[in-house]
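Asker: Residue-level listing of the chains:
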Amino acid sequence: MFNFFDQNILNFVIWTPLLGALLLLTIPQKQNLWIKRIALMTVSLTFLFSLHLVCYFKSSSGYQFEIFRPWIPAIGAYYALGVDGFSLWLVLLATLLMPIAVLFSMGSIKEKEKSFYFNLLILETAMLGTLCALDVFLFYLFWEAMLIPMYFLIGIFGHGRKVYAAIKFFIFTLIGSVLMLLAIVYLRQEAEGSFLLDHWSLLALSPQVQGVLFAAFALAFAIKVPLFPLHTWLPDAHTEAPTAGSMILAGVLLKMGTYGFVRFAIPLFPDALLVAKPWIATLAVVGIVYGALVAMVQKDMKRLVAYSSISHLGFVMLGLMALTPQAVTGATYQMVNHGLTSAGLFLMVGMLYDRTHTRLIADYGGIAKQVPLYTFVFLILTFASIALPGTNSFVGEFLILSGSLKELPYQTILATLGVIFGAVYMLWMVERVFFGPLKKDSLKGLKDMNWREVLCVLPIILLVVWMGVKPNFFLSKIEIATQTLTETVQQNQLAKQSLKLQK
Amino acid sequence: MVLAWIILLPLLGALINGYHALSCRLRQQKVIHGMVNFVGVGLPFVAFLIALSQGIPFILGAEEPIRENLFSWISVGSLHIEAGLYLDRLSTLMVLIITGVGTLIHLYSIGYMKGDSGYAKYFAYLNLFLTSMLILVLGDNLLLLFLGWEGVGLCSYLLIGFWFEDKAKAQAGKKAFIVNRIGDVGFLLGIFALGVLLLPGAGENAVIFNFEYIESQIGLITVSKVFWLSAPFIITLFLFVGATGKSAQIPLYVWLPDAMAGPTPVSALIHAATMVTAGVYMIARMDFLFDVAPETLHIIAIIGASTALFAALIAMVQTDIKKVLAYSTVSQLGYMFLAMGVGAYAYGVFHLMTHAFFKACLFLGSGSVIHAMSGEQDIRKMGGLKKALPITSMTFLIATMTIAGLPPFAAFFSKDHILWKTYSHGHPILWVMGLLAAFGTAFYMFRLYILTFTGKSRVSEEAKAHLHESPFNMTFALIVLAVLSAVAGFLGLPEVLGGHDWIAHWLHLGSNAAEAHGASHSHTMELLLMGVSVAVATFAILLAFVLYRNGLEGPNKRARAMRPLHNLLTNKFYVDEIYDACVVRPIYYLSQSILFTVIDRKLIDEVLVNRSGRFLAWLGSCVSRIQNGFVNRYAFCFLLAFALMLGIWVFN
Numbered sequence: 001m002f003n004f005f006d007q008n009i010l011n012f013v014i015w016t017p018l019l020g021a022l023l024l025l026t027i028p029q030k031q032n033l034w035i036k037r038i039a040l041m042t043v044s045l046t047f048l049f050s051l052h053l054v055c056y057f058k059s060s061s062g063y064q065f066e067i068f069r070p071w072i073p074a075i076g077a078y079y080a081l082g083v084d085g086f087s088l089w090l091v092l093l094a095t096l097l098m099p100i101a102v103l104f105s106m107g108s109i110k111e112k113e114k115s116f117y118f119n120l121l122i123l124e125t126a127m128l129g130t131l132c133a134l135d136v137f138l139f140y141l142f143w144e145a146m147l148i149p150m151y152f153l154i155g156i157f158g159h160g161r162k163v164y165a166a167i168k169f170f171i172f173t174l175i176g177s178v179l180m181l182l183a184i185v186y187l188r189q190e191a192e193g194s195f196l197l198d199h200w201s202l203l204a205l206s207p208q209v210q211g212v213l214f215a216a217f218a219l220a221f222a223i224k225v226p227l228f229p230l231h232t233w234l235p236d237a238h239t240e241a242p243t244a245g246s247m248i249l250a251g252v253l254l255k256m257g258t259y260g261f262v263r264f265a266i267p268l269f270p271d272a273l274l275v276a277k278p279w280i281a282t283l284a285v286v287g288i289v290y291g292a293l294v295a296m297v298q299k300d301m302k303r304l305v306a307y308s309s310i311s312h313l314g315f316v317m318l319g320l321m322a323l324t325p326q327a328v329t330g331a332t333y334q335m336v337n338h339g340l341t342s343a344g345l346f347l348m349v350g351m352l353y354d355r356t357h358t359r360l361i362a363d364y365g366g367i368a369k370q371v372p373l374y375t376f377v378f379l380i381l382t383f384a385s386i387a388l389p390g391t392n393s394f395v396g397e398f399l400i401l402s403g404s405l406k407e408l409p410y411q412t413i414l415a416t417l418g419v420i421f422g423a424v425y426m427l428w429m430v431e432r433v434f435f436g437p438l439k440k441d442s443l444k445g446l447k448d449m450n451w452r453e454v455l456c457v458l459p460i461i462l463l464v465v466w467m468g469v470k471p472n473f474f475l476s477k478i479e480i481a482t483q484t485l486t487e488t489v490q491q492n493q494l495a496k497q498s499l500k501l502q503k
Numbered sequence: 001m002v003l004a005w006i007i008l009l010p011l012l013g014a015l016i017n018g019y020h021a022l023s024c025r026l027r028q029q030k031v032i033h034g035m036v037n038f039v040g041v042g043l044p045f046v047a048f049l050i051a052l053s054q055g056i057p058f059i060l061g062a063e064e065p066i067r068e069n070l071f072s073w074i075s076v077g078s079l080h081i082e083a084g085l086y087l088d089r090l091s092t093l094m095v096l097i098i099t100g101v102g103t104l105i106h107l108y109s110i111g112y113m114k115g116d117s118g119y120a121k122y123f124a125y126l127n128l129f130l131t132s133m134l135i136l137v138l139g140d141n142l143l144l145l146f147l148g149w150e151g152v153g154l155c156s157y158l159l160i161g162f163w164f165e166d167k168a169k170a171q172a173g174k175k176a177f178i179v180n181r182i183g184d185v186g187f188l189l190g191i192f193a194l195g196v197l198l199l200p201g202a203g204e205n206a207v208i209f210n211f212e213y214i215e216s217q218i219g220l221i222t223v224s225k226v227f228w229l230s231a232p233f234i235i236t237l238f239l240f241v242g243a244t245g246k247s248a249q250i251p252l253y254v255w256l257p258d259a260m261a262g263p264t265p266v267s268a269l270i271h272a273a274t275m276v277t278a279g280v281y282m283i284a285r286m287d288f289l290f291d292v293a294p295e296t297l298h299i300i301a302i303i304g305a306s307t308a309l310f311a312a313l314i315a316m317v318q319t320d321i322k323k324v325l326a327y328s329t330v331s332q333l334g335y336m337f338l339a340m341g342v343g344a345y346a347y348g349v350f351h352l353m354t355h356a357f358f359k360a361c362l363f364l365g366s367g368s369v370i371h372a373m374s375g376e377q378d379i380r381k382m383g384g385l386k387k388a389l390p391i392t393s394m395t396f397l398i399a400t401m402t403i404a405g406l407p408p409f410a411a412f413f414s415k416d417h418i419l420w421k422t423y424s425h426g427h428p429i430l431w432v433m434g435l436l437a438a439f440g441t442a443f444y445m446f447r448l449y450i451l452t453f454t455g456k457s458r459v460s461e462e463a464k465a466h467l468h469e470s471p472f473n474m475t476f477a478l479i480v481l482a483v484l485s486a487v488a489g490f491l492g493l494p495e496v497l498g499g500h501d502w503i504a505h506w507l508h509l510g511s512n513a514a515e516a517h518g519a520s521h522s523h524t525m526e527l528l529l530m531g532v533s534v535a536v537a538t539f540a541i542l543l544a545f546v547l548y549r550n551g552l553e554g555p556n557k558r559a560r561a562m563r564p565l566h567n568l569l570t571n572k573f574y575v576d577e578i579y580d581a582c583v584v585r586p587i588y589y590l591s592q593s594i595l596f597t598v599i600d601r602k603l604i605d606e607v608l609v610n611r612s613g614r615f616l617a618w619l620g621s622c623v624s625r626i627q628n629g630f631v632n633r634y635a636f637c638f639l640l641a642f643a644l645m646l647g648i649w650v651f652n
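Protein chains in written order, with our numbering: chain H, 1 to 503; chain E, 1 to 652.
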């Protein structure tokens, strides 16, 4: 029994949300309570399943919990799943944020609940599939499948210019994906009809071919990250999405871009990467500074947090481009950290929005006295976001910056500006929202967090501290994956050099 | 685990009081003062006792440091960062100051913060501050030091903005944190540069940021280059940038005067006695590295002397009792850095200690005055308070005489050592600057004392009714600190006066420490310069007395006569305004008007994104005209094309 469970654990993790979604279809629209219950139970069960991954993950080896079956022999597609150090914590991040998103939405989504939770559950299956797929065909399927539920979540349940935001999100992502699809088709030819990542990594491609293919993959992922100047879909989508959508979008979906780099773009095309590396790192640093400066002048809290994501993801990209074990480990860690803090901040803004129906900073002022607990939690997340030592982000940023300095000195030094501006925009917002005299009488009746909301942020807060004080538990599981990646690229470089010497 | 308890006890206090504060706020109950006091003051006191028990062997002459390895903090590849504690003579001194002065100030706060709605929260923050500060001085590696460094910054932010309903106070907290962040980035870059140098050669289990490890690799660091410059120079310069932030030196000192928005005991503990001296401690801790970076030391000495003089000038015209003390702190910190810069590390630390005593005493004294005056801080509205506040005025006078450099009070010895070392190490110009700053110090402090405590009363009738001496738990701290500032100087009684200069021998910092106590210059010269500084201080005191004896009319008239100079000083050389115009506004303008409005919204989003979308839509609408459903037009097109093709075929 245990063996069966262990061998199929990834199936359980990935497909449970889909089953839950199908179950939801059988419940009549009017049974609100049952819809919520089933959604919550499904995502919680998924989270429990995913804990199995952490418990039995071995720090000493690569892909684990692998499932490998022929799937569509006609085109050479396999049903191949597995988890390694890069995907493990992202899977956990996704399965953890989902229950929080559902729990929070129980209080803020008041109509069309069935369709809302249905989309949310489908989204979870798609995300988890994307993270675990080791067959590129399967990966692409899940990758595209993420778009549809997110499109509906923004377009139907969002605020303001929600349709514009949803379409923009959809088209931006699709443009990248289409080019990636072309590259995938080409690579399948090269690999003699196989979609398996394992086979692809053995291909010997000429630098020119690599360059074109890398460009196609990198564009798709760079849009998702997003890398400057491909970022303008993000502030719109994040701002107009419902709170749960923003959480998942910032928390998990953005990481699909950076994950794509470590899983595909970097290991498959090392030569092209070495050429593109300084340029991408420069764009990342532009994003860090630009995102922070633009975040500073936002009037809408959600939009501010959205722009801050561009800045934070810039750090991750910088670390990935430096390609030292320290920097890549730090970047992988920082993906999870940003997932937690930005999701937490969107959650907090969502709570305020549910009470007052405004996200404008100018509509608040001096509310710290009214909502002490809320202020306390918000401050913790603020300082986690500006990477105060003792919180998780410090570990990530420290590893990224200290690991990148030697490889990319100028970019890294410029990137530290983001450390300063990060404090500026967050603390300035905190000051305007929470401090000073109470701005309006209508804010007097503002209610503090209720139990459900406390339950939502509690795991995030605990993780922020745990991952900041004792990061080794997490880092040790990432290490092998980063070592393999950096060694792949290094060996490739060495081989090239010795070839040159021979000539 | 003994050392860990010194840190854990205040942390425990912070958690208990923090929980209590929050739960009482949520349930709208009153905080239990007794419990808050017991936890908030008792636990730091126990920490002090433990520190004392660990420190006594060092005071008696032990040399072997105590090391405690707690757990592995960050470990990636060959990079290992341990959470380890380290107690030697230097950190013993720091820990005793922090827990000792800290406990006194906690005790004082019981009286000062009585009746405040954030009583329990205040003690929680203050205990959290002690925790961070203790991590800073007990950590055995640079990263742990940085953890404490940022932790005290956080507590400083929270405590400056403690009364956050006042917008200006919240802004002061934010300003402190952000200005410090600028310095912190320098500090981080220093750490990174060190890591880049040391990591490649590190063994399997090397802890490269550990102070002792860095010291063992000093040979490698000395010969290395970062970019084109010598590695020690770059690294120490970056670290010093961090110090200018935390320790309020030019050009990053601007946050400290604003930090006076916090409760006065906070100013005494954080913004005078402990946190702001973190930069001095850091240099003393890394003395071996700064020793091989003479260029950096030179810069430090110049910045220190300039800051000492610059801030003393500003302090001479301030009218807010706490602002005078704030600029005085900046100035005294300048002295400490001057000492560090001329390689007299031990005297910098010595001045750090005496400053902790007398400045804490002055701040707590000013707190007592403010308390008695129901919140009034303007010395123009004080005067003649000696009668109503006998203990406060007495202790304030002792501390004032100390800071003015009158023998035999503590700062006379510590300051004079610094000036003497500056001179004897061949920096006559810096010595003159230090001497002028000493003149300013004696002047502004006695001006402050005379205006506050002597002469005719200018107190408003309303405030007069409430004038009272503070309760014993407040005056107790004042008395202890006054006594300490009077006598602590004898720890460093110079040889020329028949002492043994015990503190310098005991701390034994820096490689040229031996030279520093050697008599390279004549004793006559040292005595002569000592005489000069006493004479200068006495002259300044007399001048202050003559000018301010009869209240404010005379000085006001003179100020009007020298209006441009006076304006320049009262406006603090317009540094805040210059920063605002040259840094803050341009960055805001760049972000708002160029990056966001033009580049993000217009260029990228409107021109590139939306317009390419609209172009495709337009293209679609053009093409769709061809397929409009009219069969006759289709037929026409068909005929046309057929004719064309026929024509091509015929003519070819």
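Any given hint might turn out to be false.
Claimed, not checked - Here are the simulated lysine-lysine pairs, PhoX-like style, with alpha carbons at most 25 Å apart:
{"#": "1", "chain 1": "H", "residue 1": "Lys496", "chain 2": "H", "residue 2": "Lys277"}
{"#": "2", "chain 1": "E", "residue 1": "Lys167", "chain 2": "H", "residue 2": "Lys299"}
{"#": "3", "chain 1": "E", "residue 1": "Lys167", "chain 2": "H", "residue 2": "Lys447"}
{"#": "4", "chain 1": "E", "residue 1": "Lys167", "chain 2": "E", "residue 2": "Lys387"}
{"#": "5", "chain 1": "H", "residue 1": "Lys440", "chain 2": "E", "residue 2": "Lys602"}
{"#": "6", "chain 1": "H", "residue 1": "Lys369", "chain 2": "H", "residue 2": "Lys439"}
{"#": "7", "chain 1": "H", "residue 1": "Lys299", "chain 2": "E", "residue 2": "Lys602"}
What the hints contain is simulated information worked out from the structure, not anything from laboratory work.
Asker: Would you mind marking each hint as holding or not holding in the structure?
Answerer: These are the hints, each one checked on the structure:
1. H:Lys496 x H:Lys277: Since the Cα atoms of Lys496 of chain H and Lys277 of chain H sit roughly 17 Å apart, the hinted pair holds (cutoff 25 Å).
2. E:Lys167 x H:Lys299: holds (19 Å)
3. E:Lys167 x H:Lys447: holds (22 Å)
4. E:Lys167 x E:Lys387: Violated. Lys167 of chain E to Lys387 of chain E sits at ~36 Å, over the 25 Å cutoff.
5. H:Lys440 x E:Lys602: violated (34 Å)
6. H:Lys369 x H:Lys439: holds (12 Å)
7. H:Lys299 x E:Lys602: Answer holds: Lys299 of chain H to Lys602 of chain E is near 18 Å, not above 25 Å.
Consistency with the previously given hints fails for numbers 4, 5, ordered from lowest to highest.
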